[in-house]
Amino acid sequence: METKTSQKTLIDGSKLMIEALVQAGADTFVAYPITPSNWMYKYGKERFPQFYAAPDEITTFQWMAGMSAAGRMPATSSAFPGIALMVESINMAYAMELPLVIIITQRLGPSTGSATTGAQGDLAILKGIISGGYPVPVFSPSNFEDAWELSAKAVETAVKFRTPVFLLTSKEMVMYQKSFDLSKLKPIGKVERPEPEIEGEYLPYKADQSLVPPFLPLGNDEHLVRITASTHDEGANIRKNDPEALANSRRLHDKFINRIDEFTFFDLDEQPDAKKLIVTWGITADAARDALQSLRQQGEKVDLLVVKSLLPVAPVIYDIIDRYDKVVMAEENLTGQYKEILFGNRPVKQIKQVNKMGNMIHPQEIIDAVL
Amino acid sequence: MTKNPKNTYLTDKKFPFCPGCGHGISINALNKALQELNYGPNDVIVVSDIGCSGLIDPLFATHTIHGLHGRSPALGLGVAMAVAQKQNKKVIAFIGDGGATIGLQHILEAARRNVDMTLIVLNNLLYGMTGGQISGLSTQKFKEIIDFEKDIPPFDLIQLTHASGARFAIRVNAPNKIKDTLKKAIETEGFSIVEAASLCPSYGMKKMNELIEVVADEEIFEHQRPATKIKDKETTSLIAQTATIPHKYKADLKERKGILIAGSAGGGAQSVARFLAMAGMYAGLDTTMKGEYPITVGTGFSVAEVIFDHQPINYTGLEKPDYFIIVTEDGLNKVKNKLHKDAKIYIDDKLVTDELKAKFPGLIAVPFSKMANRKSTALAATTYVLNKEQILPIEALKEAVSTHRLKDIFIDVIEKVVDLSQVSS
Chain D
1 METKTSQKTL
11 IDGSKLMIEA
21 LVQAGADTFV
31 AYPITPSNWM
41 YKYGKERFPQ
51 FYAAPDEITT
61 FQWMAGMSAA
71 GRMPATSSAF
81 PGIALMVESI
91 NMAYAMELPL
101 VIIITQRLGP
111 STGSATTGAQ
121 GDLAILKGII
131 SGGYPVPVFS
141 PSNFEDAWEL
151 SAKAVETAVK
161 FRTPVFLLTS
171 KEMVMYQKSF
181 DLSKLKPIGK
191 VERPEPEIEG
201 EYLPYKADQS
211 LVPPFLPLGN
221 DEHLVRITAS
231 THDEGANIRK
241 NDPEALANSR
251 RLHDKFINRI
261 DEFTFFDLDE
271 QPDAKKLIVT
281 WGITADAARD
291 ALQSLRQQGE
301 KVDLLVVKSL
311 LPVAPVIYDI
321 IDRYDKVVMA
331 EENLTGQYKE
341 ILFGNRPVKQ
351 IKQVNKMGNM
361 IHPQEIIDAV
371 L
Chain C
1 MTKNPKNTYL
11 TDKKFPFCPG
21 CGHGISINAL
31 NKALQELNYG
41 PNDVIVVSDI
51 GCSGLIDPLF
61 ATHTIHGLHG
71 RSPALGLGVA
81 MAVAQKQNKK
91 VIAFIGDGGA
101 TIGLQHILEA
111 ARRNVDMTLI
121 VLNNLLYGMT
131 GGQISGLSTQ
141 KFKEIIDFEK
151 DIPPFDLIQL
161 THASGARFAI
171 RVNAPNKIKD
181 TLKKAIETEG
191 FSIVEAASLC
201 PSYGMKKMNE
211 LIEVVADEEI
221 FEHQRPATKI
231 KDKETTSLIA
241 QTATIPHKYK
251 ADLKERKGIL
261 IAGSAGGGAQ
271 SVARFLAMAG
281 MYAGLDTTMK
291 GEYPITVGTG
301 FSVAEVIFDH
311 QPINYTGLEK
321 PDYFIIVTED
331 GLNKVKNKLH
341 KDAKIYIDDK
351 LVTDELKAKF
361 PGLIAVPFSK
371 MANRKSTALA
381 ATTYVLNKEQ
391 ILPIEALKEA
401 VSTHRLKDIF
411 IDVIEKVVDL
421 SQVSS
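Going down the list, the protein sequences come from chains D and C. Each step along the first sequence adds one to the number in our numbering, with nothing skipped, and position 240 is 240. Each step along the second sequence adds one to the number in our numbering, with nothing skipped, and position 340 is 340.
Take every hint as true, because none was put in to throw you off.
Quick list of in silico lysine-lysine cross-link-like pairs, DSS-like style, CA-CA up to 30 Å:
| hint | chain 1 | residue 1 | chain 2 | residue 2 |
| --- | --- | --- | --- | --- |
| 1 | C | K179 | C | K141 |
| 2 | C | K14 | D | K240 |
| 3 | C | K86 | D | K190 |
Away from chain D, derived, C-beta distances all over 10 Å, residues of chain C:
| hint | residue |
| --- | --- |
| 4 | P201 |
| 5 | N209 |
| 6 | E329 |
| 7 | D342 |
| 8 | E355 |
| 9 | P361 |
Simulated coverage check for chain C against chain D, where a stretch passes if three residues somewhere in it have a Cβ under 8 Å from a Cβ of chain D:
| hint | region |
| --- | --- |
| 10 | 33 to 45 |
| 11 | 57 to 69 |
| 12 | 80 to 89 |
| 13 | 223 to 235 |
| 14 | 244 to 253 |
| 15 | 310 to 321 |
Note that these hints are calculated values from the structure, not bench results. Where a beta carbon is used, it is the ideal one built from N, C-alpha and C, also for glycine.
Let's have the full structure, built from the sequences with the hints guiding it.
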């Protein structure tokens, strides 16, 4: 009965994400234990060439930043309470332009909340996590294939843009097991980091039209490397608000916004003449897929947009949403955080929200909203 | 080692400190110490953070990294761990007494780990950048002068780092000893810390001899402990280690079914659910398995859900299980609000009350706890239900348990339950 190509197994999202990070070139995992990142920690310890058990989340992130500045490619996994402690250090790594990956396993808040209950409640904090309102890439896997591919994309994006990248997942994605065909996993190539050729003095924050400065690690034998988190010019000289320094800060924004197409990922399941659209992300996408199938079986013309690059918001997301008469936005949080990021708090006539906390959104709830 | 033709580790930038500030003494001392040790500028990485001590960043013509208040020991340890596999790289981190207060955990952690790096604490007894407030390293003698918190002692960083395992920990007050002290610290392989008394003429003392009167006594401690080595380990793919589960048996499943197993910690509910999910896969089904148990994993309920379907499963929630397998009171208490009349409720006969029977007349009471010992009751009960309901072939369950090191015990439990069922039917 077995087909030769099938490689089915029982697996979890944590294992797929850790393996994908390593295959893409992440080499150091630093973590402090927290539910529901427990399996990430276990697999990270087993798989990464270097693993460190940090005494708290601030230390976690500082070690990661130091390692990244010296040429390694670190990753961590935490949940909101740990992320909250990391925020100042995340800003530091962002300003220093250090590549690293942060997995957030969302759980029910506020505060300690309920550690073993899933949620999609931490997107809003990522929207404003960088002081000054600068964008930072946030990817959110919607199934196991995404868990694999987006983890590799996170490493690639972190290196390409010299930046921290977030992978926003949920307890329901990383702490349950599901039958899965391993042959669906696309091969992942290691992200190469060739040392750039620098002529003359190395100015660590001088970028060409790519807006991303070439990276040399601390300890480089040819060029002295200066790295700083304070407002600085191209040469990492600390300046207050002089035009050169402000231009450098503006570049931190522009490098993402001007090149947003390079890291915009989504799935749009379309059929001709559909005037209704379901928009969702993360763990709710599974319910939305079931809802879509059921609605189409009932003869409804409806499309599904699963957004995987949540932040910064790509203009194409608005382009897609604007094509429909009715849009249902489903996400497992109190007020619809992605909806609020796209459209603010004001109700939008053609948008119907499906929001819930403490339990996953059921496909029927999405169906009811569409009909 | 790279060349240093100018034989200086300092840029030509003017020191930014207030007139009389002690920080410049330590910086010049470090420059001299590095000259005498003959490091190349590309071999030295100076780590700094926020506060007056952080102003050193532009002064060094070495690699530099300038981070957050109180975090230079952690940021520096990250750099040190990353460069540990390279030859002759030296990480030197600076911190003030205010930074050492907020970042104390990082300092103790670096001491404990004993990776090769040097931390220089410029202790001027106060926060010089924000108005001269006291720090955790402000001494009682100093606080007597300003008449604030004078009964509260300072942290003794040198004793604390020594107790935490630092290879070399020293407090030095005399300016003329700083260079040689730094030389010894830098030459030490492992974590070294040098706390140097530093004058703050703006908020503290005006003269060095006044400062010397109020600082903590000099101390020196050493451990004969080799520096911690850092090495990348070889690992193998987690996917390659994951066994595939081939479709070998036939399942007579008409539509999606959800099974909920409710037991107690240590009763094997989680393992059995995993076996059950694997058995479904051996029978060609798609499956999901979720566990739920208290944070204190060794006590209380242990509940697990398994869903089977011929179709791919997207949504993984299970609001209305089709089958309940309830083996303990903890399990019953956890799931009783989920029980519904459309479900087949299999329950240990000892747990059945008149009230429960009245509410769910169709429940099926089975003496599960007599079929196997406590650790195997969930397996026995699950076998019983599979056999009765013909959801999956028992052979698939046997194949699933045969992946476990206790497979002989488990197969024995399964076979006994099947035999028993045949006798009773």
